[in-house]
Amino acid sequence: MMSFLQSHPPIVTFVDSIVKQVVKGLSASFQLVGPSQAVLLYQQFYILRSCLQYSKPLAEYIRNNYREEFRYFIHMPALEKRLPLCYPITQPTTQLFREVLKLVEQKQCVKC
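According to this note's numbering, the stretch in the sequence shown is residues 1 to 112, in order.
Hints are computed from structural coordinates only; laboratory data are not their basis. Any given hint could be a false lead.
[What the hints assert, rightly or not] Pairs of lysine-lysine, DSS-like flavour, derived with a Cα cap of 27 angstroms:
| no. | residue 1 | residue 2 |
| --- | --- | --- |
| 1 | K56 | K102 |
| 2 | K102 | K24 |
| 3 | K20 | K56 |
| 4 | K20 | K81 |
| 5 | K102 | K81 |
| 6 | K102 | K20 |
| 7 | K56 | K24 |
| 8 | K81 | K24 |
When you get a sec, could you build the whole thing from the sequences and use the hints?
Shown next as structure tokens:
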């Protein structure tokens with residue numbers, strides 16, 4: 001599936017839009033997100049994690065073009081301030097977010 005998506009240039013535009021939406025959502029005012037926005041965040045992080053795990057070209061693209069965004073705008077304190085603990089999706093989203101951050105910060109393997 002990922003190889004099919006990689007072969008279509010719009011996937012890069014799609015990834016760009018996801019990262020920009022996450023940046024906008026987490027760096028905007030520190031109001032709590034609603035339930036539908038919380039689910040959207042989960043979906044966005046799920047897509048980013050899939051790209052980082054299963055597509056070397058997309059992972060490199062995300063790391064090379066958005067490392068600073070993940071360092072300064074997309075970080076755990078911003079997520080914790082926006083995502084209410086009472087939502088059932090909060091814990092899975094937080095875990096997924098940690099995985100995405102770890103994958104973004106990961107150095108490229110020389111043997112890969």
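Taking the hints in turn, this is what the structure says about them:
Taking the CA atoms of K56 and K102, the gap is about 15 angstroms. The hint holds against a cut of 27 angstroms. Between K102 and K24, the direct Cα distance comes to roughly 21 angstroms. Compliance with the 27 angstroms bound is thereby established for this hinted pair. As the CA atoms of K20 and K56 are separated by approximately 21 angstroms, the hinted pair is consistent with the 27 angstroms bound. Distance restraint check for K20 and K81: the Cα-Cα separation of roughly 19 angstroms lies within the 27 angstroms cut-off, and the hinted pair is therefore satisfied.
For the given pair, K102 sits about 20 angstroms from K81 by alpha-carbon distance, which is consistent with the 27 angstroms threshold. Proposed proximity of K102 and K20 is supported: the alpha carbons are some 19 angstroms apart, at most 27 angstroms. This hinted pair checks out: K56 and K24 have alpha carbons roughly 26 angstroms apart, not beyond 27 angstroms. Between the alpha carbons of K81 and K24 the distance comes to roughly 14 angstroms, so the proposed pair stays at or under 27 angstroms and holds.
Against the hints set out earlier in the document, no violation occurs for any number.
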